[in-house]
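Residue numbering for the sequence shown is 9 to 221, as defined by our numbering.
Treat each hint with caution, since some may be false.
The following label-pair restraints were derived from C-beta to C-beta distances [said to hold, decoys possible]:
no. : residue 1 : residue 2 : range
1   : D159      : N75       : 22 to 28 Å
2   : A152      : E61       : 47 to 53 Å
3   : L22       : E211      : 34 to 40 Å
25 Å max Cα-Cα, derived SDA-like pairs, lysine to any residue [as the list claims (entries may be wrong)]:
no. : residue 1 : residue 2
4   : K97       : T74
5   : K97       : V148
6   : K190      : R203
7   : K97       : D140
8   : K97       : D86
9   : K50       : I214
10  : K50       : Y100
11  : K50       : L65
12  : K50       : L34
13  : K97       : D157
14  : K190      : A177
15  : K50       : N75
16  : K97       : H44
17  : K97       : S68
18  : K97       : S47
19  : K97       : D87
20  : K190      : S210
21  : K97       : K190
22  : K190      : D157
23  : K190      : I214
24  : K50       : E61
25  : K97       : G59
26  : K50       : R30
27  : K50       : S68
28  : K97       : M156
29  : K97       : A177
30  : K97       : D85
31  : K97       : G107
32  : K97       : A26
33  : K190      : N141
34  : K50       : Y138
35  : K190      : M156
These are computed hints drawn from the structure, not numbers from a lab. Where is the CB? At the ideal position from N, CA and C, for every residue including glycine.
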Amino acid sequence: MLSLLAFGGPRRFLSLTAISLRFVSLNDSDLRHIQHLPSLQKLYLVCNGIGNEAVFLLTSLRHTLTNLELAMNPRIDDDAVPVLIIMDKLTYLALGDTGITMVGLRRMAAAITEENRIVDMEIPACCSEYIDNMHNLYIVFPTAPLTMDPDACESLTDEALRRNLAAHAEVNPDIIATGTRKEMVGRLRALLELRRQDLVVSELVIGEEDDDM
9 MLSLLAFGGP RRFLSLTAIS LRFVSLNDSD LRHIQHLPSL QKLYLVCNGI
59 GNEAVFLLTS LRHTLTNLEL AMNPRIDDDA VPVLIIMDKL TYLALGDTGI
109 TMVGLRRMAA AITEENRIVD MEIPACCSEY IDNMHNLYIV FPTAPLTMDP
159 DACESLTDEA LRRNLAAHAE VNPDIIATGT RKEMVGRLRA LLELRRQDLV
209 VSELVIGEED DDM
C-alpha cells in the first residue's frame with residue numbers, strides 16, 4: 009500500500025498541480041496527507057478502495073480542484089454528494105462505478121445548474137440506464153392539455169388530474185390514475201417533480217456529451 013506521508017510535510021509540494029493515484033490501494037485516512045496542497049487542481053483517484061470519508065478529507069481543496077476522478081470506488085455513495093457540490097471549481101468529475109445514485113445526481117445537478125456552472129460529468133452505468141429509460145417512467149415532454157408544472161397540480165380539476173395521470177399511466181402501468189383528490193394531487197405532483205429533476209440531470213450529462221461530439 010502506497011504511503012502519502014511524503015506529501016504531508018511542511019511547505020512541501022506547494023506548486024504541485026496534479027496527482028494520479030489510479031489503481032493504487034489506499035485507506036480513506038491517507039487523503040489527509042494531500043488535503044493541504046494549495047495548488048492541487050487535478051486529482052485522479054480510480055479503483056483505490058476508498059469511501060466517503062476520503063471525499064470528506066478533500067473539502068479543503070474545494071476551491072482549487074478542477075478535475076476529480078473517483079471512478080471504480082463503489083464505497084463512495086450519495087453521502088459524499090454535499091462535499092462534491094461545494095467543489096465549485098470543478099469542470100470535470102468522474103463518478104463511473106461508484107455508489108452514487110440518481111438521488112445524489114439530482115441533488116448535484118440542481119446545485120450545478122443553479123450556480124450556472126459547467127461540469128463535464130461521467131456517471132455510473134445504472135444512472136445512464138435510468139436516463140435512457142425515462143420515457144418508460146412517465147411522459148418526458150407532455151403537451152397541452154397535459155401539465156408539466158408540479159405547482160399547478162392543486163389548481164387542476166379532478167378530471168384534469170385523472171387525465172394527466174392516465175396519460176402517464178399509458179407509458180408506465182405502475183402509475184395509478186384514480187383515487188381521492190388529495191391522492192391524485194400528491195401523485196401527480198411527485199411524478200412531475202421527479203420528471204423535472206431527472207431532466208436537469210439529463211440536460212447536464214447529455215449536454216456535455218453533445219459538446220464533445
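Consistency of the hints with the structure:
Checked against the hint of 22 to 28 Å, the pair D159 and N75 fails, with Cβ atoms roughly 38 Å apart. About 50 Å separates the C-beta atoms of A152 and E61, a value consistent with the hinted range of 47 to 53 Å. Roughly 39 Å separates the CB atoms of L22 and E211, a value that falls within the hinted 34 to 40 Å. Between K97 and T74 the CA atoms are separated by roughly 5 Å; this keeps the pair inside 25 Å, and the hint holds.
Only pairs whose Cα atoms come within 25 Å are accepted, and K97 paired with V148 is rejected, the gap being roughly 31 Å. Among the hinted pairs, K190 with R203 is consistent with the structure: their alpha-carbon atoms are about 20 Å apart, no more than 25 Å. Distance hint between K97 and D140 is unfulfilled; the C-alpha atoms sit about 28 Å from each other, more than 25 Å. Restraint check for K97 and D86: the C-alpha separation of about 20 Å stays at or below 25 Å, so the hint holds.
Between the alpha carbons of K50 and I214 the distance comes to roughly 23 Å, so the proposed pair stays at or under 25 Å and holds. With a CA separation close to 9 Å, the supplied pair K50 and Y100 stays within the 25 Å bound. With a C-alpha separation of about 15 Å, the suggested pairing of K50 with L65 holds against the 25 Å cut-off. Proximity of K50 to L34 is assessed by CA-CA distance (about 18 Å); at most 25 Å being required, the pair is judged to hold.
Between the alpha carbons of K97 and D157 the distance comes to roughly 32 Å, so the proposed pair goes past 25 Å and is violated. Taking the CA atoms of K190 and A177, the gap is about 18 Å. The hint holds against a cut of 25 Å. About 5 Å separates the Cα atoms of K50 and N75, which keeps this hinted pair within 25 Å; it holds. Restraint check for K97 and H44: satisfied, since their Cα atoms lie roughly 16 Å apart, inside the 25 Å limit.
Between K97 and S68 the alpha-carbon distance is near 12 Å, which keeps this suggested pair within the 25 Å criterion. A distance of roughly 13 Å separates the Cα atoms of K97 and S47; the hinted pair therefore holds under the 25 Å criterion. At roughly 20 Å between alpha-carbon atoms, K97 and D87 fall within 25 Å of each other, so this suggested pair holds. Between the alpha carbons of K190 and S210 the distance comes to roughly 30 Å, so the proposed pair goes past 25 Å and is violated.
Note on K97 and K190: the hinted pairing is violated, with a Cα-Cα distance of about 43 Å set against a maximum of 25 Å. The straight-line distance between the Cα atoms of K190 and D157 is roughly 17 Å, inside the 25 Å bound, and the hint therefore holds. Among the hinted pairs, K190 with I214 is inconsistent with the structure: their alpha-carbon atoms are about 36 Å apart, more than 25 Å. Taking the CA atoms of K50 and E61, the gap is about 19 Å. The hint holds against a cut of 25 Å.
As the CA atoms of K97 and G59 are separated by approximately 22 Å, the hinted pair is consistent with the 25 Å bound. With a C-alpha separation of about 12 Å, the suggested pair K50 and R30 falls inside the 25 Å cut-off, and the hint holds. Between K50 and S68 the alpha-carbon distance is near 14 Å, which keeps this suggested pair within the 25 Å criterion. About 33 Å separates the Cα atoms of K97 and M156, which puts this hinted pair outside 25 Å; it is violated.
Only pairs whose Cα atoms come within 25 Å are accepted, and K97 paired with A177 is rejected, the gap being roughly 42 Å. Proposed proximity of K97 and D85 is supported: the alpha carbons are some 21 Å apart, at most 25 Å. Of the pairs offered as hints, the one joining K97 and G107 holds, with about 23 Å between alpha carbons and a cut-off of 25 Å not exceeded. Of the pairs offered as hints, the one joining K97 and A26 holds, with about 15 Å between alpha carbons and a cut-off of 25 Å not exceeded.
Restraint check for K190 and N141: the C-alpha separation of about 29 Å exceeds 25 Å, so the hint is violated. Restraint check: the Cα-Cα separation between K50 and Y138 comes to about 29 Å, which exceeds 25 Å; the hinted pair is violated. Between K190 and M156 the CA atoms are separated by roughly 18 Å; this keeps the pair inside 25 Å, and the hint holds.
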